[in-house]
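Top to bottom, those sequences are chains A and B. According to this note's numbering, the stretch in the first sequence is residues 1 to 265, in order. According to this note's numbering, the stretch in the second sequence is residues 1 to 265, in order.
Keep in mind the hints are simulated off the structure, nothing from the lab. Don't take every hint at face value.
Keeping only pairs whose Cα atoms sit at most 27 Å apart, straight-line, the calculated DSS-like set for lysine-lysine is [to be verified]:
1. B:K171 <-> B:K141
2. B:K171 <-> A:K171
3. A:K171 <-> A:K240
4. A:K240 <-> A:K59
5. A:K59 <-> B:K59
6. B:K59 <-> A:K171
7. B:K59 <-> B:K141
8. B:K240 <-> B:K59
From chain A, some residues computed to sit far from chain B (all C-beta separations above 10 Å) [what the hints assert, rightly or not]:
9. P43
10. G96
11. I105
12. R110
13. R136
14. A191
15. H194
16. D205
17. F211
18. A214
19. M222
20. G249
Built from N, CA and C at the ideal position, the CB exists for glycine as well.
Protein chains: 2
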Amino acid sequence: MTTHSEAALSPRAERLRIRAGAFAGQTAGLAPGFVQGNIAILPADYATEFLRFCQANPKPCPLLAVGEPGDPFLPGLGEEIDIRSDVPRYRIFRNGVLESEPADITSVWRDDLVTFVIGCSFSFEEALIADGIVLRHVQMKRNVAMYRTNLPCRPAGRFSGTMVVSMRPLKAADAIRAVQITSRFPNVHGAPVHLGRPDVIGIHDLATPDFGEAVPIEADEMPVFWACGVTPQVAIANAKPPLAITHLGGHMLITDLINSRLAML
Amino acid sequence: MTTHSEAALSPRAERLRIRAGAFAGQTAGLAPGFVQGNIAILPADYATEFLRFCQANPKPCPLLAVGEPGDPFLPGLGEEIDIRSDVPRYRIFRNGVLESEPADITSVWRDDLVTFVIGCSFSFEEALIADGIVLRHVQMKRNVAMYRTNLPCRPAGRFSGTMVVSMRPLKAADAIRAVQITSRFPNVHGAPVHLGRPDVIGIHDLATPDFGEAVPIEADEMPVFWACGVTPQVAIANAKPPLAITHLGGHMLITDLINSRLAML
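One chain only, chain A, in its complex shape (with noise of 0.2 Å):
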């Protein structure tokens, strides 16, 4: 199923709904207000390792939250979150290979797997159309464009990799203001790492993004770049682990925080 619902549900009655099969959808406008996370899960042996590299580089992979080793549950997130089924559809990757794209991971939990939740730029968006920015993928009914970037991240251990960024073309007013808004939110992202020319940062073509889908860019706007929370899939992907389970693109962890208490002023 992939229809959303009428009208807005509690960020736990989300939950459920998933949890029960009846929704493995895109999450985008579910439970608006509420913060939405990236998820990657992985051993405990490669864990350390991760959460550096989250450490190390904060505007692609903000930490919301980190699970106990083994412990399947966020209570720091939400009521009840199980990690093991409150997401709509997950990826497994074995040695860096995906396997599956299941709607619950009960069956291959193990408890040596740690879970991170993982800022997700729905947040900002909210606040972003709240100010009167119109963002055109949102109006568009489009997932927003991605591209790779030549934008080193810091390596930790086995990770690595460069930066993916989201593109939001904005006129220029908009993306000042837009740079205002989102400097309040670093746990989703925060500012935009760049604008303007995207060969600057090696995105040779805006027309064919390497995720998502693209958008136009009309004559008086320039396109802006968040970091981007595919990023840390990218670094997994090259890390290679044994196990390695994320959310499927869009379809988050809902979790009770609220969106405006991650705004730092």
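Here the structure of chain A is known, so what remains is to put chain B in place on it, guided by the hints.
Same frame as chain A, now just chain B:
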């Protein structure tokens, strides 16, 4: 005399030197750490409209202080400031026509004159430089390049006009950082009003600024534009009051206010 002192003097010591006629040059770099201001002095008959103009256009016209009619002192800005003698060089306009550029206006002071002190980009430039951002015009010891734009100011009574902006070329990452830093200083023009393509705001040749001096823009840089304190001078020129007195460009009032205390956060 236009030579600068070797060692930094206090704001008051600089003002006393200026008052005594021992210095009549540009004030950039003097009394580092202290706020400098643009000056406009108008008859009371025009002052209320100009005050409304500043209120309606806070980015180009951020008011640091407004004097009492006929009172040349500005106790809110510093010890014993006498606006008739403490600015290195003035410009006197009658009916919109430049009459003279004296170093003292005591002889033309009247009991209906109202002084306006308007924030100046020197304050935020100091914050940018302290953050490690290189400003080309400072590096090249030039006046910042300023341009007339097609951005309309909100008119108030007889005061109207388009915005004048200052331009600093920056790499994208520094431009983003500069938005963050200058957003903290709304009393000295605040965040940029535009960045990227100059034609969007009616600037057709960056090599020929309307005020100040051009600087080169490197291939990986973009022009970043801030509202400029020359804007109120243009509005005054449009209003053509029987008497108007301003500072000569770059020859600012040095106050006792501390730059970093202008930061709103």
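Status of the hints after comparison with the structure:
1. Our distance criterion of 27 Å between C-alpha atoms is met by B:K171 and B:K141, whose separation comes to about 20 Å.
2. For the proposed pair B:K171 and A:K171, the alpha carbon gap of about 18 Å is at most 27 Å, so the pair holds.
3. Using a Cα cut-off of 27 Å, the hinted pair A:K171 and A:K240 is violated, with the two alpha carbons roughly 40 Å apart.
4. Of the supplied pair hints, the one linking A:K240 and A:K59 holds, its CA atoms being roughly 22 Å apart against a limit of 27 Å.
5. For the proposed pair A:K59 and B:K59, the alpha carbon gap of about 30 Å is over 27 Å, so the pair is violated.
6. Note on B:K59 and A:K171: the hinted pairing holds, with a Cα-Cα distance of about 19 Å set against a maximum of 27 Å.
7. This hinted pair checks out: B:K59 and B:K141 have alpha carbons roughly 25 Å apart, not beyond 27 Å.
8. Restraint check: the Cα-Cα separation between B:K240 and B:K59 comes to about 22 Å, which is no more than 27 Å; the hinted pair holds.
9. Listed as a non-interface residue, A:P43 keeps its Cβ farther than 10 Å from every Cβ of chain B; the least gap is roughly 36 Å.
10. The claim that A:G96 lies off the interface holds: its Cβ sits roughly 31 Å from the closest Cβ of chain B, which is beyond the 10 Å cut-off.
11. Distance check for A:I105 against chain B: the nearest CB is about 38 Å away, which clears 10 Å, and the non-interface claim stands.
12. Listed as outside the interface, A:R110 is consistent with that label: its C-beta sits roughly 41 Å from the nearest C-beta of chain B, beyond the 10 Å cut-off.
13. For A:R136, the requirement that its beta carbon stay farther than 10 Å from each beta carbon of chain B is met, with the minimum near 17 Å.
14. A cut-off of 10 Å between C-beta atoms contradicts the statement that A:A191 is not in contact with chain B; the least separation is 5 Å.
15. Taking the minimum C-beta to C-beta distance to chain B, about 5 Å, the non-interface status of A:H194 is violated against the 10 Å cut.
16. For A:D205, the shortest C-beta to C-beta distance to chain B comes to about 19 Å, beyond the 10 Å cut-off, and the non-interface label holds.
17. Distance to chain B confirms A:F211 as a non-interface residue, since its nearest Cβ pair spans about 22 Å, more than 10 Å.
18. Listed as outside the interface, A:A214 is consistent with that label: its C-beta sits roughly 21 Å from the nearest C-beta of chain B, beyond the 10 Å cut-off.
19. For A:M222, the condition that its CB be more than 10 Å from all CB atoms of chain B is violated, with the nearest at approximately 5 Å.
20. With a least CB separation of 26 Å from chain B, A:G249 remains clear of the 10 Å interface cut-off, as annotated.
Checked against the numbered hints listed earlier, the structure breaks hints 3, 5, 14, 15, 19; every other hint is satisfied.
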